[in-house]
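**Q** Here is what each chain is made of, one letter per residue.
Number of protein chains: 2
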Amino acid sequence: MTKAIVLTSGGLDSTTCLAIARDAGHEIYALSFDYGQRHALELAMAKRQAEMMGAKKHVIAKIDLREFGGSALTSDINVPKNSTNNQELIPITYVPARNTIFLSFALGWAEVVDADAIYIGVSSVDYSGYPDCRPEFIQAFVDLAKLATKGGVEGSWNLRIETPLIALSKADTVLAGHKLGVDYAQTWSCYDPTPAGKPCGACDSCVLRAKGFAEAGLRDPLLS
Amino acid sequence: MTKAIVLTSGGLDSTTCLAIARDAGHEIYALSFDYGQRHALELAMAKRQAEMMGAKKHVIAKIDLREFGGSALTSDINVPKNSTNNQELIPITYVPARNTIFLSFALGWAEVVDADAIYIGVSSVDYSGYPDCRPEFIQAFVDLAKLATKGGVEGSWNLRIETPLIALSKADTVLAGHKLGVDYAQTWSCYDPTPAGKPCGACDSCVLRAKGFAEAGLRDPLLS
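Heads up: the protein sequence lines correspond to chains A and B, in order. Positions in the first sequence are counted from 1; adding 10 to them yields our numbering. Positions in the second sequence are counted from 1; adding 10 to them yields our numbering.
Excised from the complex, chain A in its bound form (with noise of 0.2 Å):
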C-alpha cells in the first residue's frame, strides 16, 4: 500500500481531496496546521474527517505566522464581506507563503515515511486569487522538492504532488466529493464565523462554496 500526505484543513476542497487520496488506494497520513488562523472551527472538522476516513495518523501541526502578521486569516484585520472576487487582485485574506509552508512540512513527513505523493486540494478555477494556488507554483515545488532531499538527490525518491482539484470549479469539486460519499456538514469555509459559530454567509471562502453547491444542484449540508 502507497503512502500519502494528505494536507487537509476541514474545508471543502481539503476533504475532497481526502476522500480522493482514499478512493486511490493510498494510506492516508493527514496533516494539518494551526497557523493561529480565526476560523479554528476548520481543525475540529480536519480531525473528524481524518478519523472517518480512517488516516494512519493525523498531524495538527502548531505554527505561529501571527507573528509576521500581514492577513486577515490571522490578524485583526477586517475579513472583506461581500467583495467582487476579482482574481486580477491578490485579497487581504491570501497568507503570505502559506502553502509554501504546509508544502514544506509535508515535504519533510514524505520523506520521513516515504510517501509517494503529497495531496493538495488547490484550485486555479474557483480560486479567490492567492497565487500559490497556481499550477506553475506546484511545479515549482515539484522541482524544489527534488533538489531538497536525502532521496531525490540520491535518485530513490520520485515524490508527485498531486492535485486533483487544481482544473475543477467549485461545482465539480462537490461533485466529486458527493459522489465519494464525502460528508459536507462535517467540514467548513467560512473565514469569519458569526458568535453563534455559523458561517458568515459573505466572505469570500463562503460565496464560493454556495456558488459551488447551487451549481452542483445539490444543497449544502452545512446550512441546514
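The set of hints was computed from the structure by calculation and includes no laboratory data. None of the hints are false.
You can't tell identical chains apart in this list, so a pair holds if it fits in one copy or across any two.
List time: in silico DMTMM-like cross-link candidates among lysine to aspartate or glutamate, alpha-carbon distance up to 20 Å:
| hint | residue 1 | residue 2 |
| --- | --- | --- |
| 1 | K156 | E146 |
| 2 | K67 | D33 |
| 3 | K13 | D124 |
| 4 | K67 | E77 |
Following the hints, position chain B against chain A.
**A** For chain B alone, kept in the frame of chain A given last:
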C-alpha cells in the same frame, strides 16, 4: 534602509551571516526556529547575537518537527561521533526538509515586511552533506519564491536569497566573522552537549568547527 530577513541559529555560520548582513547595511529581521532540537542552547545564543547586532526584531518561531521523526537532531537516535564525514553519504543528523521549511517561513516574513533579501548561512564546502545546503537548492527556492508570492507574481518584488558563505571553507567563514568583530564565544555549534553544557568535541559540527578555527589560525573562544 533596506530590510533583510536573516536566518540565525546561534551557530558559527549563521552568526557570521548575521554580521555580514549588518555590514551590508540592512535593517535586520532575525529569524530562529525552536524545532525540538536537542541542542536548544543554540537559541539562547541566537537571541544574544540578534540583540548584540542591533536587529530590529528577532522572532523565534516554534515548530515541532519531532512529530515527523527521522533525525538524530530531533529524536532519540544517537548523534554519531568522530565519523569520517564522508560527503557522499547524507548523515542521520539531517533533518528532513529543514532548510525548505526555514526558508518558507523567511519568505512569509519577507513578504510582510517587504524585505529585499533573505540571508542564509549555508555552505557547500565544509558542510555535513545535507542536500539543502547546495547552490542548486537555493536557486530552486528563488524560482519558487517568484511564483509563490503576491509581489513576485505582480512583478513588484525581486527578493534575493543571499548565501555569503556558500563558497567559503569553515576557516574562511571564521576569518570573515573575525574581521567583522563576531564574538564566537557567544555562538554554539555542538549537536550533543555534555550534561555540564559543554561541546562534546566529537560530533560532526564540533569537528568542523575545530577544523575551521585551526585552519584559520585562531583559538575558539568558546573552548577557553
